[in-house]
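*Asks:* Put chain L on the given structure of chain D with help from the hints.
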Amino acid sequence: MTIDPKYFELIQADIDGQINDAEKTKLENFLADSEEGRAVYEELETLCRSLDGMPSIEPPPHLRHVLLNEAPVKTAPRPTPGLLQRLFSGPALGYAGMFVAGVALTLALVDSDQISRGAFDEVTGLVGTIADSQFVVPEHGTISVDESEVAGTVTLRSAGPILIVDFDLSARQPVEIVAEYSDKTIWFNGFAQLESSGTSIAAETGAIKLNMDGKRRYAVYLNNPGMRPATIDLQFMADDRVIHEAQLSFSEAD
Amino acid sequence: MSEPDDTRLMERCSNGDRQAFETLLARYEKPVFNAAYRMLNSPDDARDVTQTVFLKVFEHLDQYDPKYRFFSWIYRITLNESINWLKKTNRLDALEGDTADTASGPEQEASNQQLSEGMQAALMTISPDYRAVVILKHLLGCSYQEISEVLEIPEKTVKSRLYTARQLLQETLTERGLH
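Sequence order for the protein chains is D and L. For the first sequence, the numbering used here assigns the number 1 to the initial residue and increments by one for each residue that follows. For the second sequence, the numbering used here assigns the number 1 to the initial residue and increments by one for each residue that follows.
The shape of chain D in the complex, shown without the other chains (with noise of 0.2 Å):
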């Protein structure tokens, strides 16, 4: 290349629409003489346009409702807190309030002999082990969804006996999602919802059915008394069809 390297600095500055107009008249007399320059000129000109041409990514559906649910927006100062406030203020205790909240729509909803109400007690103390991460139990498997009707994620956590599917997922119109465990002898022990509620449930012998709509975050728990390997068969539908199908699965290795 011959090209004095001004030239080029000009030609780029031409192409990026950020060059003036004495140096544009500068441009223009180079290249009205230099063939080898508008070679150049025309080159960069095409890599630009196809720089310019990459697609634009759509994010996935579910990020923004993620980042939304995590996002530590800070809150404004308020007046002093009453007793209750106070209470339930951490997230554990917070989630623990949902719980209950939920154990009351479970109990309204489901089969009673799906639920051993006794154990109620013994899964209370789990239910801040999604809200708060210093609680640590063993996670076997997180599913993601990313259909246009529902997407968002599925975990499998365990502590002991108890089971614990963790679903946090945004649907656009109402879904129905089955759950069927392999095992005949897991049974359901509860259902809690953090910062939603509209979740039905509805529970069977080797299978339950959840029916939701919009953002939502709530946990199923199931009691696998043998403790032994498992397989969770999740079916998510719309409009009567089925739009995604998982699996998560439990070991004793785990």
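Derived from the structure by calculation, the hints contain no laboratory data. Any given hint might turn out to be false.
[Claimed, not checked] Selected chain L positions facing chain D (Cβ under 8 Å, derived; list incomplete):
id, residue
1, N34
2, S116
3, Y144
4, S148
5, K159
6, Y163
[Claimed, not checked] Distance condition first, Cα-Cα at most 20 Å in a straight line; then the derived EDC-like pairs of lysine to aspartate or glutamate:
id, chain 1, residue 1, chain 2, residue 2
7, L, K159, D, D4
8, D, K6, D, E43
9, L, K156, D, E23
10, L, K156, D, D16
11, L, K30, D, D146
12, L, K30, D, E58
Every residue, glycine too, gets a C-beta built ideally from N, C-alpha and C.
*Replies:* Using the frame of chain D, we list chain L on its own:
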């Protein structure tokens, strides 16, 4: 770029206004995700970096200086986090012939799609510093002065990095028969 609006939104965020947060998120989620995607060549990594970026922004609301433009702050965090991610995953060096996401598509695939994939592959062959200026210029539409503000380097350096980056991209695309 509507910096006065962004500044007002940031002020409202600092006062705990969730609606303002949602508006900022709606405005910057896509450019941040796309910049991270072009830096990392992986949608999953881009998603994780996007999460980190917004968490950092909102954790450090009180450190934001309104005399600087918000976009330059969030884009700087995005590029820095992307480079940190590359370091963490030992992918900081330019990847010779990285074709992970760029294998020739089906024959019927449109040529512009191939060019776009080829361009992404070529981007991965240049160093993150060069990649960053290309992304700021061509993906985020920043001027030389804005790139200089985001990367905190002189405008002259922006121009020379941009020029070298384009030369390198040109060579790679020509070698691969895409240009």
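*Asks:* Look at each hint and say if it fits the structure.
*Replies:* Verification of the hints:
no.	hint	in the structure
1	N34	holds (6 Å)
2	S116	holds (5 Å)
3	Y144	holds (6 Å)
4	S148	violated (12 Å)
5	K159	holds (6 Å)
6	Y163	holds (6 Å)
7	L:K159 with D:D4	holds (16 Å)
8	D:K6 with D:E43	holds (17 Å)
9	L:K156 with D:E23	holds (16 Å)
10	L:K156 with D:D16	holds (14 Å)
11	L:K30 with D:D146	holds (17 Å)
12	L:K30 with D:E58	holds (7 Å)
Going down the numbered hints, you'll see the structure goes against just number 4.
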